[in-house]
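Peer 1: Residue numbers (my numbering), protein chains in the order written: chain A, 9 to 293; chain B, -19 to 254; chain C, 5 to 441.
Heads up, a few of these hints could be off.
[Said to hold, decoys possible] Pair ranges (Cβ atoms, derived):
| # | chain 1 | residue 1 | chain 2 | residue 2 | range |
| --- | --- | --- | --- | --- | --- |
| 1 | A | Q73 | B | L4 | 34 to 44 Å |
| 2 | C | G307 | B | F234 | 28 to 38 Å |
| 3 | B | G159 | A | A30 | 30 to 40 Å |
| 4 | A | A83 | C | P168 | 56 to 66 Å |
Calculated directly from the structure, the hints in this document are not laboratory data.
Here the structure is a predicted model, which is why all the values come from computation and not from measurement.
Beta carbons are placed, not taken as given, at the ideal position from N, Cα and C, and that holds for glycine.
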Amino acid sequence: MSAPNSKRGSYFLITPMALVFAIFLVIPLLTIVVVSFWDYDEYRILPDFIFENYSYLLGSSVTWQIYLNTFKYAALTWAFTLGIGFTVAYFLAFHVRSLTWQIILFMVCTIPFWTSNIIRMISWIPFLGRNGLLNQALMGTGIIHEPLEFLLFSDFAVVLADVHLYTLFMVVPIFNSMMRIDRSLIEAARDNGASGWATLRHIIVPLSKPGIAIGSIFVITVVMGDFITVRLMSGGQSASVGLQISNEIGLLQYPAAAASAVVLLITVLLIVTALLRLVDIRKEL
Amino acid sequence: MVRTREKRPTAFYILAAFFALFVLFLYGPMLTIFILSFQGENGGLTFPMNGFSFHWFVNLFQQQAVGDFGGSFLRSLKLGAIVMVVTVVVSFMAGLAFRRRFRGDTFVFYLAIASLIVPSILISLGIGLLFNIFQIQPHWYSSGLGAHLTWTFPFGLLIMFAVFNRFDPSFEEAARDLGASNWQTIRHVVLPMVAPSLIGVAMFSFTLSYDEFARTLMTAGSLNTLPLEIYGMTTNVTTPVLYALGTLTTVFSFVIIGLAFGAVLLLRRRKAIG
Amino acid sequence: MTTEKSKLKSILPGKDVTRRGFLKGAAATAGVAIGSGAITGFPTIWAQNIKNVTLRQFGTGVSNINAVADKVKEDLGFTLQMTALDSDAVAQRAVTQPNSFDIADIEYWICKKVFPAGTLQPMDVAKIKNYDKISPLFITGKLTPDSKIAQGTAPHKVGFVEGPDSTDFASAPTQWMTLIPTIYNADTLGIRPDLIGRPINSWAELLNPEFKGKASILNIPAIGIMDAAMVSEAMGEITYGDKGNMTQEEINKTIALMIEAKRAGQFRAFWKSFDESVNLMASGEVVIQSMWSPAIAAVRSKGIECKYQPLKEGYRAWGGGIGLAKHLSGLELEAAYEYINWYLSGWVGAYLNRQGYYSAAPATAQKFMSDDEWGYWMEGKEAQGDIMSPEGKVMEKAGAVRDGGSYEERMGHVACWNSVMDENKHMVRKWNEFIAA
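Using the sequences and the hints given, assemble the complete structure.
Peer 2: What follows is the structure, given as structure tokens:
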């Protein structure tokens, strides 16, 4: 074995990871790009070089509608997960005093994450349905007289499930950033008469930015590509970019799916590049 | 760690209440499926309860009308275990590699980031197409494994970054001064120090793999993993057996977390003693 | 690699069968069960070898029933490994992963897409013992000699090819059959009579504003568009040349009508697999929707009223069948033929009939059903005793009559078969617009 401290050692050590990325990330993505220029009929993909997939995709009003819808889901989910995630992380980092309790409370937040996402998602259905627990409770107490229909199979349900599933992805990096804030800074601020609010605004929020950026990248990319939540929680009534791709895959229209995928990939990369300007991930870990 | 006991500010109580609500939000809906998994024999997927029974738990272990829950569960466990081992080893190696700069390091790093942010369905589609075009048979242990690794490696690598960024190299220098070889230094100094983080990587990668759906969709070949099976069940099952499965897997997760947590505590204690 | 694969093939299902056998109390010890599965019926010279054969079958959950695999093991001795997928995934795998299966259980309208891809081999009818018992619907397209052939991809149109290596569909029956029919049915709307409270007799009711927010339609484009067309035609909005093969203009008009209804909030949800429709109906989210027969039975089994409403415009029918993978040869091919012959010999047919579907060779299924069962399911007669599901649960109490009546009444009133249109690409795009709207 070559010495890990030499450059050759570094190359040796990085090779397995680089290989996996090459075979299962880079080449597949290139394949998608190539196939997006292919033609297809009902049951086959036909090697070709056409722009029809793109011209249909970009020329269709549906595409824009779907993107608008997906951005809406992403924006709403982002706003809610950020708000909730930041508050929770702030509580854990600054108000829970012992490490043991921090770990325990953290675990409490993590455990649901271990149950299948799909099961967690569908667990909302009996809760929110027309005859679900919530409607029954609300009607039982006389607050409403007709069941609330918007609770399930709606945009509300989709965003709710997304927030439910992904808030943790916001909590973890923000918590991580907060734990690295030097406590003496905060004490100094307090000694100089800064209110808790001012400390939060001028010290904690700016110093948590890397965590916020990482969490945001994560939540936004996951929601942009999501198709199961939209399918299950909207009752199949709404569309997202991911769902469109998944439908096209299902219907064997691989080149169309590939073209959609390329456009989605570019969109996501643009968003992430913008967010990465705010933070140098490598330094912030 | 000694801290002075001071009076809690009002903000604490407000935030604590918020946190409690958040936990309720996390667990509330799971409670509904927990309750519904005890539906009577003729009960449906939604309220009202139609009696109370353990029928669906028993049913879970019997043959289903369609699908094979047991097989897919075992498959997911196996796949998760393989992914876990590979991720721990490869991430550790990569973590070591990144401790010094080498040509292409930024490129590999951004590959990892890309791997993290590329929507999962694209990975699935890409690998599916690739295998398709080259007429290779996808299998959960080949294409499926690869797809999962693109998901777990970035996490593993990022955790290793976090670890080595805070790693005090003076221990290694000391070891080397005492005549330890590179391998010995890694084996006896570095490895024990990063062991808890490696357990973290292991837990993380197992969970991510065990629960992975979108990347597995087109890469699993002809045999389903558990999430694929569950997804199939959401469209193929009309009984609370699905909820029984949810309840059981949650309990299973509790057990695993408990064990892992115990292992970390044990390691800590041993380190404290040693 | 090859040995790895075959090992996997033989190990996994073997274990499974052992577990099942154990649970049933049939097999004594785990180790013995794999090798000593009793081989009854169909004794053949190569019975010893065939035990080691594993056939991989995939198809929709509708007919990919584990009980069938168990019975195959029991009757024929070899292992049938079932994978259940949705209709789209089935087509996809049949075309793109030709080596991932041995037997494809697909629908006829998908067959029109799949068979020309060349991943399946036609079957020699000379080797099919009960060929003459197969319902004429699949041979000539006419249930009785004077019936009218319905619109759409009627199964007989894609049921035969010109020769053993051909992928061109034959216009008349030949010796080479693409699929052996397994299961078929006539679909209509399902309703909750208790929540609707008045008679329903037309497809047009699906878009009746009375059911705003309580209607559903299935989101499988090729089938959904058919239901949509039945509705549009019944409303008098559109007249079609052939609902199974619409023109672009007909498609556009149909989708426009559906989008209008969707925007007005007519639909509660869309469903993709029949069980979703069960859940929508049973939970009261939906009171009228396109539905499949066993879904109705499943809702009823929960003690909830649900009716498979016959409508004056007729039924939309569909059918499935099993096809053989191109790569099958030798012993595996023999086993596959053995399986097909067994499939048509009655046991499965009775099983499917009891689920509310129809079986390919009704005459052979009759032998495996009681007179009362046959009377209820096939002849539209009042049930004398309780009607049981294949799993042994009571489905219908004595005195019940099947919605829509007898086999002839139901299958004789098919307005249209599920199909793939020439304008499929356009239709799917428009359908996606509907879903995204």
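Peer 1: Against which earlier hints does the structure fall short, listed by number upward?
Peer 2: none
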